[in-house]
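Engineer: Now for the letters of each chain:
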Amino acid sequence: DIDDAGHKYCLELELEDVLDKGRTVLCAAEVLYPLGSTSTAPEVQVTAQGELRSTEEADKEFYNRIRSLEKELVAENIPDSHGNVPPELEPIHLLAWAASGYVIWQNSTENTKFHLAQVQHVKQVKRSDEDLQFDYVLLLHEMVSQEVIPWEVTVLWHPQRGARVSRD
Amino acid sequence: HQVLRIKTKNEEEVKQLQLLESLEHLELDFWINPSAPALPVDVRIPAVSVQSVKAFLESQGIEYSILIEDLQDVLDKEKQDMAESAQRQRSSSFDFGAYHTLEDINIELDHLASEYSFVEKIQIGESYEKRPLYVLKFSTGGSNRPAIWLDAGIHSREWVTQASALWIANKIASDYGTDASITSLLDKMDLFLLPVANPDGFVYTHTSNRMWRKTRSKIPGSVCIGVDPNRNWDAGFGGPGASDKPCSDSYHGPSANSEVEVKSVVDFIKNHGNFKAFLTLHSYSQLLMYPYGYKCTRPDDYAELESLGRAAASSIRSLYGTTFQVGTICKTIYQASGGSIDWSYDNGIKYSFAFELRDTGRYGFLLPANQIIPAAKETWLGLKKIMEHVQAKSS
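Chains as they are written, first to last, in the working numbering: chain P, 1 to 168; chain E, 1001 to 1395.
It should be emphasised that the hints constitute simulated quantities derived from the structure, not laboratory data. Possibly wrong hints are sitting among the right ones.
Under the rule of at most 25 Å between Cα atoms (straight-line distance), these lysine-lysine pairs were calculated in the PhoX-like manner [unchecked claim]:
(1) Lys1054/E <-> Lys1137/E
(2) Lys1079/E <-> Lys1054/E
(3) Lys113/P <-> Lys1270/E
(4) Lys113/P <-> Lys1245/E
(5) Lys1137/E <-> Lys8/P
(6) Lys1331/E <-> Lys1385/E
(7) Lys1295/E <-> Lys113/P
Which chain P residues face chain E? A few, computed with CB under 10 Å, are given here [as the list claims (entries may be wrong)]:
(8) Thr24
(9) Val25
(10) Asn77
(11) Trp97
Since we're looking at a predicted model, the values are computed, not measured. Heads up, the beta-carbon is just placed ideally off N, CA and C, and yes, glycines get one too.
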């Protein structure tokens, strides 16, 4: 307990790339949940030791593929009811997962536990600059209330600049 | 034995083979007899003669190739294939590694009941939308033997549970008589399995909303539909950990047992009067829990349930390394009132456990179908561990 501030948690985590199992990165994190307020995101400090694999080539391949689409990408229900994700939509799924991490962080309290349940809808929006833009509707499952909540999220992505989230 | 294919180039060679044919002591079995140069000659040769026949052919410059290296191998494999196919025919073409509709599940329940004399399909009630609530009764005899209850799919979106229940039903039925543990269990106890505890919700997840959890009952005074059937039991009903708002996914309902899906089970179990265990399947999170959920104090049988839970989790882990956390509902997941295993425990059924199956959030409710059978297999090991203990304590 931190008087007048909130509750602070000190964590030791092991990070693993689900697509590169066996290699882990050790992280130390401090999470401060603000006192009282449930509309302020917890403050997070993280340090990580070690490196994850390079995704440079896969990033480039995805970027070029999407940029060269004639019609803007549109998809829904990822994974589908049976848990399937078509291979060409896997990066879209992964990007959604990263974006959901941001949304979950912004909306977490000590009494919530969120997971991404499904990408309900995704629409690519072509841009004049170098970024890719995807407008998602993400379904987030909150464990304590058991609610599945739709969330609109706009994600910008670029191979070097990475992912950025802006909320609608 | 080998089977050779001989390619004759001319009439002369054909005559040589016809000579060979006449040598009865070789016991050659021509599948295609030598007749004309253009046609191949296939011959089965007993093991003892293989070398000498080959030597003969080679000395005459007659071309041959080996059609079948070892005939016995081929026959053995064929026999095995036929046995497997017959087994598949008997157990129908139901794919336990796929997700099915309610119709298909009900057909498979009928199939199991008709195929095994000790399996019976009974109806314990009807859902809100008038769908039958079907239970498979596994009983090898006796009269109202001590019994074990197992249900799945009370929360309709948790698809791996209904799918696992089907696999488990088939496993129990087909292993009775060969597996010592199951045979011993069913010789002494009965098992009642409700694979789809919330059929209305289940159909809704197929037709309209894959994420539907609750029943589909109309709530007086609200536009929202459905009650969380695992907040509707008469155990701390209406307490913390359930919502009083009809639109909530954890809405407890207007009163305890207001949901016919819940009341039907309650009535059935009370009327039976001899249940020793109450087991229920949920997903996801990989947890193995025992009472209480409605209060955060330990049950009287805490030590035994904790120990049994750990043993079961250990069995689960032994198969694929999948880890399940063990503990009371309140400590492990959250405080939740009106839950089924709290009711069963407070009504004298000591061995009350709730499982949360795979995974831990990566796919969540949308677990890929290729994980159904692994999930069912590992869960079964945990259930079996509990059932064995129950049987030991019930005799």
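Engineer: Each hint needs a verdict: does it hold in this structure or not?
Structural biologist: Comparing the hints with the structure gives:
1. Lys1054/E <-> Lys1137/E: Violated. Lys1054/E to Lys1137/E sits at ~63 Å, over the 25 Å cutoff.
2. Lys1079/E <-> Lys1054/E: violated, 29 Å
3. Lys113/P <-> Lys1270/E: Not satisfied, since the Cα-Cα distance of roughly 36 Å exceeds 25 Å.
4. Lys113/P <-> Lys1245/E: Given that 25 Å is the threshold and the Cα spacing comes to 20 Å, the pair holds.
5. Lys1137/E <-> Lys8/P: violated, 52 Å
6. Lys1331/E <-> Lys1385/E: The given pair, whose Cα atoms are some 23 Å apart, holds under the 25 Å limit.
7. Lys1295/E <-> Lys113/P: holds, 20 Å
8. Thr24: violated, 16 Å
9. Val25: Check failed: Cβ of Val25/P comes no nearer than 18 Å to chain E, outside 10 Å.
10. Asn77: holds, 8 Å
11. Trp97: This hint holds: Trp97/P lies near chain E, its Cβ roughly 9 Å from the closest one there, short of 10 Å.
Hints 1, 2, 3, 5, 8 and 9 from the list above are not met by this structure, while the remaining hints are.
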